[in-house]
Amino acid sequence: MNIAFLPLGIAFGVILSRAGATTYDFYAKLFLFQDLQLLWVIAVAGSVGALGVALLKRAKAKRALFGGELELKGKPYTRTLVVGSLIFGVGWGVAGACPGTALAMLGEGKLGSLFTLAGIVLGTALYGVAQRRVKAS
Amino acid sequence: MTDVIVWPGWVGGIAVGLYALAQLLVSGQQLGVSSGFGSICGACLRLPFFRHEKFLERGTSSWRLWFLVGLPLGGLIAALTSPGALTASFSLGPMYDAVLPSAVWAKGLVLIVGGVLMGVGARMAGGCTSGHAIAGMSLLNWPSIVAAAGFFVGGIAAVQVLFRVFG
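Protein chains in written order, with this note's numbering: chain A, 1 to 137; chain B, 1 to 167.
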């Protein structure tokens, strides 16, 4: 299953690019309310997903075609979720990219994403340094 | 900067939504990117936090690094199938270039700070735009919807300040 995620990542990278999510200025336009391209992408993607998940639940689908069980349980609420989401949002706006799109941008020759990606790895590592024990988040 | 083909937002949204569903159906795994950066840290750092099975490349978690390798290849294909030439550049496009420093090292510093905030924030929130906003909304999972709202509030605040102060 593992290497099957290489073509899946390629497909998602192409789609992110075509959706405009690898175009920095769409983030500025989104947060300045000048062009809601990326809001439409997220809102429509979430709605299509919700419709699909509802159908899967209705069909009582439990297992994936090639993997194990379908992951249909959402992420939990945590004490740091709200503050973390605000911090993430500031980074999202400043860098004009998110973790997935920064990777796709690299393939498009947008070299600024080298810095953004280094920052994401550093930030993730810093969070890990601040944690004393093993936990999922 | 490479010019890429951009579909209308709703078309892009349908494509992203269908992709996330296809990935779920094929592999059982929900869409998510930021945990893959935890896997990178797990591969190089001996910290207790990264010993969690989610960040270790084994069992059901072992897909994340392959996925992360695929994304830039996808970006490359998207660029090569667009009419313009593929160009490597540190430009971010007219709007960001107008407010960020023009020296590459200074611009890079700002982008590193942005990246650090995303790295820390994603772990504190338990996911990023793909895991919380797209996958979480698909599940109508309320903590994810709260997180997605927080992402937008943070983004609006940062960009409004950035463009008011330096614009």
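Careful, some of the hints might be misleading.
[Stated by the list, open to error] Derived DSS-like pairs (lysine-lysine); straight-line CA-CA distance at most 25 Å:
| no. | chain 1 | residue 1 | chain 2 | residue 2 |
| --- | --- | --- | --- | --- |
| 1 | A | 29 | B | 107 |
| 2 | A | 73 | B | 54 |
| 3 | A | 73 | A | 57 |
FYI, nobody ran anything at the bench for these hints, they're computed from the structure.
Now the hints, each set against the structure:
For the suggested pair residue 29 of chain A and residue 107 of chain B, the alpha carbons sit about 19 Å apart, so the restraint of at most 25 Å is met. With a C-alpha separation of about 15 Å, the suggested pairing of residue 73 of chain A with residue 54 of chain B holds against the 25 Å cut-off. Simply put, residue 73 of chain A and residue 57 of chain A have alpha-carbon atoms about 12 Å apart, close enough for the 25 Å limit, and the pair holds.
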